[in-house]
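Protein chains in written order, with our numbering: chain A, 1 to 90; chain B, 91 to 316; chain C, 317 to 516; chain D, 517 to 1106.
Hints were generated in silico from the structure; no laboratory data involved. Don't be surprised by glycine CBs; every beta carbon is placed ideally from N, CA and C. Be careful, since some hints might not be right.
As the list claims (entries may be wrong) - Quick look at which bits of chain D chain C covers, simulated, 3 or more residues with Cβ under 8 Å:
| hint | stretch |
| --- | --- |
| 1 | 702–716 |
| 2 | 722–731 |
| 3 | 743–755 |
| 4 | 768–776 |
| 5 | 780–786 |
What the hints assert, rightly or not - List time: in silico DSS-like cross-link candidates among lysine-lysine, alpha-carbon distance up to 30 Å:
| hint | chain 1 | residue 1 | chain 2 | residue 2 |
| --- | --- | --- | --- | --- |
| 6 | A | K61 | C | K414 |
| 7 | C | K478 | D | K541 |
| 8 | C | K411 | A | K61 |
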Amino acid sequence: MSEAGKQHPRYMLVFGGLAVLTAIEVTAAFMGFPRSVTILILLGLAVWKALLVALYFMHLKFEPRALAVLAAAPLLPAAIMIVVILMDYV
Amino acid sequence: MDWSLPINASTQGVLIDNLFWIIFWMTAAAFVLVEGGVIWFLWRYRSREGHTATYTHGNTKAEIVWTAVPAVAMIALGIYSGAVWTDIRSPDSFPEDALTISVVAKQFEWNITYPGADRVLGNDDDFRIRNRFEFPMGEPVIVRLESEDVIHSFFIPELRVKQDAVPGMTIPIWFEATQAGEFQIACAELCGLGHYRMRARVVVHDQESFDSWYRDQSGAVQTAAN
Amino acid sequence: MTSHAATMEGGRSPERGLGVPTQKLGMWIFLASEIMFFTGLIGSYIILRFGASNSWAAPGETLNVTVTAVNTFFLICSSVTMVKAFAAIEDGNQKMLKVWLLATAIIGAAFVGIQAYEYTELIHHGFLPSSGLYGSTFYSMTGFHGFHVTVGVICMLWVTLKAFRGGYTQEDHHGVEVIGLYWHFVDLVWIILFTIVYLI
Amino acid sequence: MATITAEPTGIAMVEEEHPLPFIRKYIFATDHKIIGIQFLFTCLFFLLIGGLLAVMLRYQLGYPGQAMPGGDLLPETMAPGGIVLPEFYNSLVTMHGTFMVFFAIMPLLVGVYANYLIPLQIGTHDMAFPRLNMWSYWLFFVSGLVMLYSFAVEGGASASGWTQYAPLSAMPEASGVSTGQQLWIISIAIFGFSSLLGSVNYITTVINMRAPGMTWFRLPLATWSLFITAILGLLAIPVLTAALIMLLFDQTIGTTFFLPQTGGQPLLWQHLFWFFGHPEVYILILPAMGFVSDIIANGSRKPIFGYHSMVFAMVAIAFLGFIVWGHHMFQSGMNPALGMSFMVSTLIIAVPSAIKVFNWMGTMWRGNIQFTTPMLFAVGFVMLFAIGGLSGIFMASTPVDIFIHDTYFIVAHIHYVLFGGSLFAIFAAIYYWFPKMFGRMINETMGKIHFALTFIFFNLVFFPMHGLGMGGMMRRIYDPSQYEHMAGMQDTNTLVSIAAFALYGSGLLFLVMFFWSLFRGKKAPANPWNATTLEWQVPSPPLHGNWKEIPEVYHGPYEYSHPDMEKDWLSQNERPDVASPARHGSSTGH
Ligand code: HEA
Ligand code: HEA
Ligand code: CUA
Ligand SMILES: [Cu+2]
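Here chain A stands alone, though its shape is the one from the complex:
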């Protein structure tokens, strides 16, 4: 299932991206923005990094759509769980 001399994704680029984003995160955390802003920034960056890993390192970008769906499916019950239980407390 692998044809010789296959073009690989630009892994090093992704790596650079991850490193930079992490650096930004750590600095942003201590910039003393309003708490809500900080949280938003950090979550945004975290999701971005997670996507980079999933799409490139885990090749989801290059897999059949069905597999990507299958991989993302658990996020729905996961979200339901956290959100609904939170609703019980706020």
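Dock chains B, C and D with the ligands against chain A, hints included.
For chains B, C and D with the ligands alone, kept in the frame of chain A given last:
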């Protein structure tokens, strides 16, 4: 034994019992339909000489019907139950200036604290009674439930009242008794080896006998104080 | 016999299966359940911290962010070495496969080591699993992530060993790909954990 | 991991090619059929245990405070002089529920039949990961032993109910059980990992290894249900595992997730448990629905009524199962507004369930009904599950639940769905597939007697419990005579207990008959029920590797009584000699 609910002695009990019997008749209909149908088919279509099955993969119309009917029934039931639930449990269903009593559960007893003469909890004229819960009929009562150790459940069958008492939480419930009498608080949540005997006496007074009882109790506290 | 081979290799003709090799599919399904497992732990943390309004130390107060930031960087590096290993065997480059796999295992082990050091420091400063909800959630989440990395390292060594025995070829290297998926997933979980546990 | 990456075991087509040594063939077997049979025997043993515990607790309820016959065999810490102690009663209830749910019903449905049926019904040689499969069985076995062992340790077995509500379960000083409690957690954690391995296997196999022509909408409903169940387990059980770990830490290393003293949340446990727990109860019913669908179509000699809606109904039930967990917490102190939305989602589940019940009836309608033992149990399932489901509607309505929560009304509901539902379907499945598994028939007359006794005594035991619940009798009560409002209930309780002993007796009858048929039963043909699905196209019992060569599938799973055929069934891999039934309707897929 008789197959009916215990006598009902509270206002919310009326709502709950009505709803119970509404659901009873809905489900009874479904019950007869299903069981009757199955038994009839078993007999009518039993394998026998010269009888063969009809080859069919289904009938969309029929399926739509028996999807829609239960759907409508359930939504209606949901709306009505929701209304009743709001009347009983929603925060704004709580009556103003009702007699507020604190009930603290612990393995395996119920400690009931009354607000005393000033009818406000949390000051030194409060008085506390163990395993004995007395209150007047015909006026709403608010119970603030707490627990000291594990989860218990405050259950008075005749009043159709049940609410878990959770450690770390203060859970208010309210109810109004419609007749005087002696009942029991039963613990309805497994709470350890004494769970089965974690009960307390409930006395529902009519107004005047409650007032006199309450005066005596508060009086006792006063004299004890000075 | 051929149809048999096809079945067992899991290389199914696309019109039936997903067109994804069985081992890879299996790993993805396993990861789906891992998502729910970590949701259980992380979700509880979110609920206990943000739902039930408990007091919480500000980031950096209790935890040493610098050390962990470095550690995070290590884990990212190990993810890169991992994909490099995979790329290598896709090109049939046995030598680089071994190098990259070994690197991955070592960096992974380093991560666990640094985490162990972090723990000892924290415990030394009296921050224990029994120090309230913060301790409870912190140690359970990072602990079970560390546990996953440890398992990963062990499997990584196992795969590396197989690689040294020439167990993988350009045609068939499911093993490398599958452990890679697991490895990246653990990295991904850490990305989330690092953010919500250390920085928020 | 290692197991996944390992090269799949190339397995022999047929025994003769290279026979395996006994230990590889029957003990550490990787053949899905042997593993299925291993699960069957282990689970039936646990069913026997679970039943025994039930009988013991029923004795205490029927004859409170009286010495139990043979009870003096039990140690002083459980029943001094044969009289059950309150703390032991709590262990009995807890372990009864635990064994029945986790070690009897769930693995009987999934462990046994997902393993045995999936590869046969989809037409492949074995599971995707045979070795993982072996691990799944042996982990299950170990977890069962650990759970059994917990009776023997200091302080006895867990006594906080199968729902393990914290903080009771997290505070040994409150429950009086410490080691037993921890063993419970560890055992279920192992169990969870075992069923995780199973789920990965079943899902991968169904997705990737279907025979040529076996499209999604040609799958037998049994396989469909097992596939959906596997997904439920895959997503629900890890959450329980996470919760269990926190619970264990609360007890052992001083964390405080569920302990209020330092801000922990007792209700968090209930949320997490029921987020798992409700999907769990659908794990316990969906496969039953699948088996019953196969068996009713076969017993009525008629295609299943509305195949597609049967599939979508199961998918709907599975999905809704993830958003109704709060209906167990209406009285727990959860936000009442939340209770409202949970009530609505719960009521909606009646709709897909209705579709299933009525479609089974539609299948029997104008059928040619055979009164075989499997068919009797399948029909029994429909009748009893309907009752259990309908009682669920009472509790789904939040106000009514105020009164019946934690009463015997719930206990009645549990048993109508779990025994009348799941276990009846399991009996049906055992009778139906026994010939395939062991190459022998179960004696029909004995089977019918077993059915009659089970059906009668089942209703005698559990129907009166609705009445007890309406009277306000609470669950998990050691001695009902403590309460005034239960004073009049003792004779009902005694009657229920007597019926329960008889019910257990009929179980033992089954045991005898089971083993008798195993050795004495008359030899079974490949296709004793003239069924259409693929598993009946191989000899009984099938050879190692199932198929000499993978079958081609031409049409849907339930081609019974096709008008253009002289015989009244057409198996999935038979090319219709006349016009292809594919023209005739929806269920035959493309
Ligand atoms: C196999 C297991 C199983 C199944 C399938 C179900 C199915 C359902 N259950 Fe049950 N349930 C349990 C196992 C199960 N349950 C267990 C073990 C507990 C106790 C846990 C514990 O505390 O120990 C429990 C507890 C439980 C509670 C909590 C009670 C309490 O503790 O206060 C509730 C409340 O809503 C509930 C509701 C339902 C509903 C609405 C369904 C629905 O899915 C039922 C749908 C089916 C039908 C409705 C019947 C068929 C349909 C028709 C005949 C059509 C016509 C019908 C209508 C129009 C209404 N169940
Ligand atoms: C999955 C299903 C299941 C099954 C089948 C049963 C079966 C029985 N249960 Fe069940 N029960 C539960 C699940 C189940 N139970 C659960 C989840 C609870 C809640 C626990 C809790 O509150 O925490 C409960 C609670 C519960 C209570 C409430 C206790 C209390 O709250 O105080 C009672 C009381 O009567 C009871 C009685 C019985 C009886 C008499 C049987 C009888 O039907 C048993 C009859 C015996 C058998 C059916 C076995 C026969 C043997 C075989 C068929 C095997 C043959 C072997 C070979 C062939 C090798 N059970
Ligand atoms: Cu208190 Cu049960
Ligand atoms: Cu439920």
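Structure-based check of each hint:
no., hint, verdict
1, 702–716, "holds (count 3)"
2, 722–731, "holds (count 6)"
3, 743–755, "holds (count 6)"
4, 768–776, "holds (count 5)"
5, 780–786, "holds (count 3)"
6, K61/A - K414/C, "holds, 26 Å"
7, K478/C - K541/D, "holds, 27 Å"
8, K411/C - K61/A, "holds, 28 Å"
In this structure, none of the earlier numbered hints is contradicted; all agree with it.
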